[in-house]
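Engineer: Put together the whole structure using the sequences plus the hints.
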Amino acid sequence: MFALLLGMSIFGVAITDIGNDNPKWKYVGAQECIPGHKKSGFSFTIGKKVFFKQKNIDGTLGSICSY
1469 MFALLLGMSI FGVAITDIGN DNPKWKYVGA QECIPGHKKS GFSFTIGKKV FFKQKNIDGT
1529 LGSICSY
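Under the numbering used here, the first residue of the sequence shown is numbered 1469, with each subsequent residue one higher.
Be a bit skeptical, because a hint or two may be false.
List of simulated lysine to any residue pairs, SDA-like, C-alpha gap at most 25 angstroms [unchecked claim]:
1) K1517 - P1503
2) K1523 - I1502
3) K1517 - C1533
4) K1507 - F1520
5) K1507 - N1490
6) K1523 - T1513
7) K1506 - S1531
8) K1506 - G1530
9) K1494 - N1524
10) K1506 - V1496
11) K1507 - L1529
12) K1507 - G1527
13) K1494 - G1509
14) K1494 - F1520
15) K1507 - I1525
16) K1523 - N1488
17) K1494 - H1505
18) K1517 - N1488
19) K1516 - S1534
20) K1516 - P1503
21) K1517 - G1504
22) K1507 - S1534
23) K1506 - N1524
24) K1517 - P1491
25) K1506 - W1493
26) K1492 - I1532
27) K1516 - S1531
28) K1517 - V1496
29) K1494 - K1516
30) K1523 - A1498
31) K1507 - N1524
32) K1516 - A1498
33) K1517 - C1501
Think of the hints as simulated: they come from the structure by calculation, not from any bench.
Structural biologist: In structure tokens:
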């Protein structure tokens, strides 16, 4: 259990570093998305679905998986 939590934490830090350095995220449900860079940011997907969106620096959410 500890290894799972540690792995998730490290993955979260890595994703935040690729994004806008804001550690705040929001669950957005299962949204269809192809992984990689786009206008709305970088998407990490599981089965071509994105579940969490990093908030903008001003706290807004912005578009999800916008090409």
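Engineer: Output the numbers, in ascending order, of every earlier hint that fails for this structure.
Structural biologist: none
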